[in-house]
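J.: Chain H: place on chain W using the hints.
Taken in sequence, the protein lines are chains W and H.
Residues 1 to 175 (this note's numbering) make up the first sequence, in order.
Residues 1 to 208 (this note's numbering) make up the second sequence, in order.
Do not rely on the hints blindly, as some may be mistaken.
With a straight-line cut-off of 30 Å between C-alpha atoms, the simulated BS3-like cross-links for lysine-lysine are [unchecked claim]:
1. LYS70/H x LYS75/W
2. LYS72/W x LYS103/W
3. LYS103/W x LYS102/H
4. LYS197/H x LYS64/W
5. LYS70/H x LYS118/W
6. LYS118/W x LYS88/H
7. LYS70/H x LYS64/W
8. LYS119/W x LYS26/H
9. LYS102/H x LYS119/W
No lab work stands behind these hints: they were computed from the structure.
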Amino acid sequence: MRHSIPSQEQRIPRVSQFRFSFPVARMFTISMTLIALALFSAGCVSQHTQAWNHYEEGMLLVYKGYDAKGDKVDKVEKAFNKAIECNKDLPGVRASLGTYKAKKGEAVGATELWNEEKKLHPESKKAMDIVLEKNKGKEAALAPEKTSVAEKPVVAEIKAADKQKEPAKSEKKSV
Amino acid sequence: MSKQSFSKCLLGVLAAAIFFTGCAPKFFLIKDYQQHRPLSVLVLPPVNQTPQEGVEDVVYPIFVRAIGEKGYYVYSPEYVQEIFHRNKLQEAGRIHALPYKKFYDVFGPDAILYITVEKWAAKYYLIGNQIDTQIFAKLIDAKTGAELFNMRYEFAYDPAAAQSSIAGKLIVAMASKFSEKSYLEPAARCNIGTISKQLPKGPSNEKW
Numbered sequence: 001m002r003h004s005i006p007s008q009e010q011r012i013p014r015v016s017q018f019r020f021s022f023p024v025a026r027m028f029t030i031s032m033t034l035i036a037l038a039l040f041s042a043g044c045v046s047q048h049t050q051a052w053n054h055y056e057e058g059m060l061l062v063y064k065g066y067d068a069k070g071d072k073v074d075k076v077e078k079a080f081n082k083a084i085e086c087n088k089d090l091p092g093v094r095a096s097l098g099t100y101k102a103k104k105g106e107a108v109g110a111t112e113l114w115n116e117e118k119k120l121h122p123e124s125k126k127a128m129d130i131v132l133e134k135n136k137g138k139e140a141a142l143a144p145e146k147t148s149v150a151e152k153p154v155v156a157e158i159k160a161a162d163k164q165k166e167p168a169k170s171e172k173k174s175v
Numbered sequence: 001m002s003k004q005s006f007s008k009c010l011l012g013v014l015a016a017a018i019f020f021t022g023c024a025p026k027f028f029l030i031k032d033y034q035q036h037r038p039l040s041v042l043v044l045p046p047v048n049q050t051p052q053e054g055v056e057d058v059v060y061p062i063f064v065r066a067i068g069e070k071g072y073y074v075y076s077p078e079y080v081q082e083i084f085h086r087n088k089l090q091e092a093g094r095i096h097a098l099p100y101k102k103f104y105d106v107f108g109p110d111a112i113l114y115i116t117v118e119k120w121a122a123k124y125y126l127i128g129n130q131i132d133t134q135i136f137a138k139l140i141d142a143k144t145g146a147e148l149f150n151m152r153y154e155f156a157y158d159p160a161a162a163q164s165s166i167a168g169k170l171i172v173a174m175a176s177k178f179s180e181k182s183y184l185e186p187a188a189r190c191n192i193g194t195i196s197k198q199l200p201k202g203p204s205n206e207k208w
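Just chain W, with the same shape it has in the complex:
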């Protein structure tokens, strides 16, 4: 049996069906495409923004007093590492991660990170050298408690000015 040939009416699609019968319908499609576009573009956050998001997340965790005892993966380290992954030039991340590691007791990793920061960002040389120079040969820079003696030179440096300013502050309070 042969297929019956469709009639003229069936073959030609009715154009009027696909036309917008109301202006409202047109408005609706326009707004829907706009919404879809907005959703789409919101999904693609740039690599730089993502890096900053991770860095900020890590910093906020540190300042909230995050404790990694209960977790398998250290959330702070994870966030900082992700930030470095997203943007290798992100300023300050390595110094932050180094400080965090040093406080945990991983002095060797910390020193490495600070050296990296110094190399990548020459602006930070002076700041990084506070710890790196003073602790040359000693791996335990900024480690919990033990090395506070090793950093005495810096203590004296800032403190001298601090003492001068202290009376001024108490005056302010009384006013």
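T.: Relative to the frame of chain W, chain H by itself:
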């Protein structure tokens, strides 16, 4: 709707957008900023003048991010604060009172940013509430002490603003009364975002 009326509608929306962006808050910026433009900015721990606890801990990282995203090199806040702690400088007030030259000698930044949280109060209404925030930021040249930029911005943050229905507003308002702390971050982000918007872009804007 005809094509003409639609385009008129679009024009109206554009005009409204321009109008709202036109209402920029006041701020001070040194006239020849491009000549003084710093490469690196040392953000000092913020001073909290309000009874709300924990504001400074939220404001500090968010501000560091905002400045960094502008294209300036920002020193790691944890590192900087740790150095201060090692020098027995725990309170931000005492750090701010130090002479600016001291910061240059120790950290070597081009500019120093002082932040003060001046107001942070939650107001409760029958339906809804708002958090009044006021932050003052001051950027000075680390070598000369000249003021490059300062801005005081007051912003009332409404946690329920994103909810369109009254029921949604009520629920959010009720929830925010119990968990005031969870609104610290969005409120701080809104305020700091406005301040950092006024600051011109840094040298590494494209890189970061």
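J.: Does LYS26/H lie within 30 Å of LYS119/W when you go C-alpha to C-alpha?
T.: violated (39 Å)
J.: Can the restraint linking LYS103/W and LYS102/H be considered satisfied, given a maximum Cα separation of 30 Å?
T.: Holds, at about 25 Å.
J.: Below or equal to 30 Å on CA atoms is what counts here, so check LYS197/H against LYS64/W.
T.: holds (26 Å)
J.: So if I understand the rule, the pair passes when the alpha-carbon distance is 30 Å or less; does LYS70/H with LYS75/W pass?
T.: holds (26 Å)
J.: With the threshold set at 30 Å, check whether the alpha-carbon distance from LYS70/H to LYS64/W stays at or below it.
T.: Roughly 25 Å separates the two Cα atoms, so the pair holds.
J.: Decide if the proposed pair is consistent with the structure: LYS118/W and LYS88/H, CA atoms, cutoff 30 Å inclusive.
T.: holds (25 Å)
J.: Take the C-alpha atoms of LYS102/H and LYS119/W, compute the straight-line distance between them, and say whether it is at most 30 Å.
T.: holds (24 Å)
J.: For a C-alpha distance cap of 30 Å, please report whether LYS72/W and LYS103/W respect it.
T.: holds (18 Å)
J.: Regarding the pair LYS70/H and LYS118/W, is the alpha-carbon distance no greater than 30 Å?
T.: Status holds; Cα separation ~21 Å.
Comparing the model with each earlier hint shows a violation of hint 8 alone; every other hint is respected.
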